[in-house]
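K.L.:
Build out the structure end to end from the sequences listed, making use of the hints.
There are 2 protein chains.
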Amino acid sequence: MTMSEDHGVDAGLDARHRARMQRKKAMVDAKIAAATDVRGVLLVNTGNGKGKSSSGFGMVIRAMGHDMQVGVVQFIKGAIPTGEERFLRRFSGQCRFHVMGEGYTWETQDRTRDIEKAQAAWACAQALLRDPSIGLVLLDELNIALKYHYLDVHTVLADLRARPAAQHVVITGRGAPPELIEAADTVTDMTLVKHAFSQGIQAQPGVEL
Amino acid sequence: MTMSEDHGVDAGLDARHRARMQRKKAMVDAKIAAATDVRGVLLVNTGNGKGKSSSGFGMVIRAMGHDMQVGVVQFIKGAIPTGEERFLRRFSGQCRFHVMGEGYTWETQDRTRDIEKAQAAWACAQALLRDPSIGLVLLDELNIALKYHYLDVHTVLADLRARPAAQHVVITGRGAPPELIEAADTVTDMTLVKHAFSQGIQAQPGVEL
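Sequence order for the protein chains is F and E. For the first sequence, the UniProt record's numbering assigns the number 1 to the initial residue and increments by one for each residue that follows. For the second sequence, the UniProt record's numbering assigns the number 1 to the initial residue and increments by one for each residue that follows.
Keep in mind that the hints were calculated from the coordinates and are not lab data. Any given hint might turn out to be false.
It does not matter which identical chain is meant; a pair holds if it fits inside one copy or across any two.
Derived pair list, reagent style BS3-like, types lysine-lysine, alpha-carbon separation capped at 27 Å [claimed, not checked]: (1) Lys-24 - Lys-147; (2) Lys-194 - Lys-25; (3) Lys-147 - Lys-25; (4) Lys-194 - Lys-31.
Predicted model, so just to flag it, every value in this text is computed and none were measured.
P.N.:
Shown next as structure tokens:
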């Protein structure tokens, strides 16, 4: 490999890099020293780009790697079997996986039934949010149910506030309501830069499904 | 559960919802019909917010749920053992997991050594990118190695272009170079809205680690 050899021999560049990284380390270390609070965090992944649910599932396996018990409730998806469901079903002793939706709102087209399904899904979420043995809860596409007013945001927030102190919760979906963003500790807007789908590429198993 | 009963009985609202969802379904179905291309996609997760690596790991288990073989190369992280590493190491028959970094650039402070490590990591990535039995490759924090010019972006792009046609690749890290964004099929900017760390909360196992 020779692609960066010309950089490797530049002693001045190396010294400047080192000085810059020393300043950065001092800054990062000070921030780490200031972050002393240890508690369950509430995370929200919203926005129109890809990565909201997949990031939630990444945290699910991260928690499982630390031997935590985890719970997943899928509020909207459900009509199509997904790779993450197939994979996580194998760990029924460590991961409780509940697919409660019947598909996207434009597929069901039935508001009354969607509300019933969302409320049944929330009952399922409540059981997880009251269980201190569950270290991390993923409420996948909950934001969609809130956006369509299938669930009341104040009921949802009250249940989130009452959860065990050490429990982490990840909520995903487009259009997170302002009240939820306000209540959350960490919020990411997955901003769409571009998407393969718009360029005529089908949703791919392993990527979207 | 009574939180949305008042909505449930509104027949006018139900009818409007149904009409709106029918229009939306027609639009979505037309887009799905237009997306006929099936091939490996190149995804980039960049930006300053949380969710870039975790989304990559979500796609890793999604692919594993479809019985694909997967490969992971971590370019920067490495000093701290993570939950995702502990979890995925259990699947050595399906997931090749390579931790090639020694830690963040501000921890090593040694540019020459970082370049050597990045090039060794790229050699490892090349082996995965030449193997048609690998369905999905996650190149975690590769963008950092590109940003610091530890690797040459044109070499990286040439190897990505030469990969098997059906192979998906996910690249993560802040500061993705414009050439990579241009070459990618799907790009998300994980935009920071807020982060628990800035509010004095420590990096938490299961969430950040």
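K.L.:
Please go over all the hints and tell whether each is borne out by the structure.
P.N.:
Hints, verified against the model:
1. Lys-24 - Lys-147: The answer is between: 16 Å across copies meets 27 Å, while 41 Å in one copy does not.
2. Lys-194 - Lys-25: Between copies only: 22 Å across chains, 34 Å inside a chain, cut-off 27 Å.
3. Lys-147 - Lys-25: between (42 Å within a copy, 18 Å between copies)
4. Lys-194 - Lys-31: Classified as between; 15 Å across copies, 33 Å inside a copy.
In summary, this structure violates none of the numbered hints.
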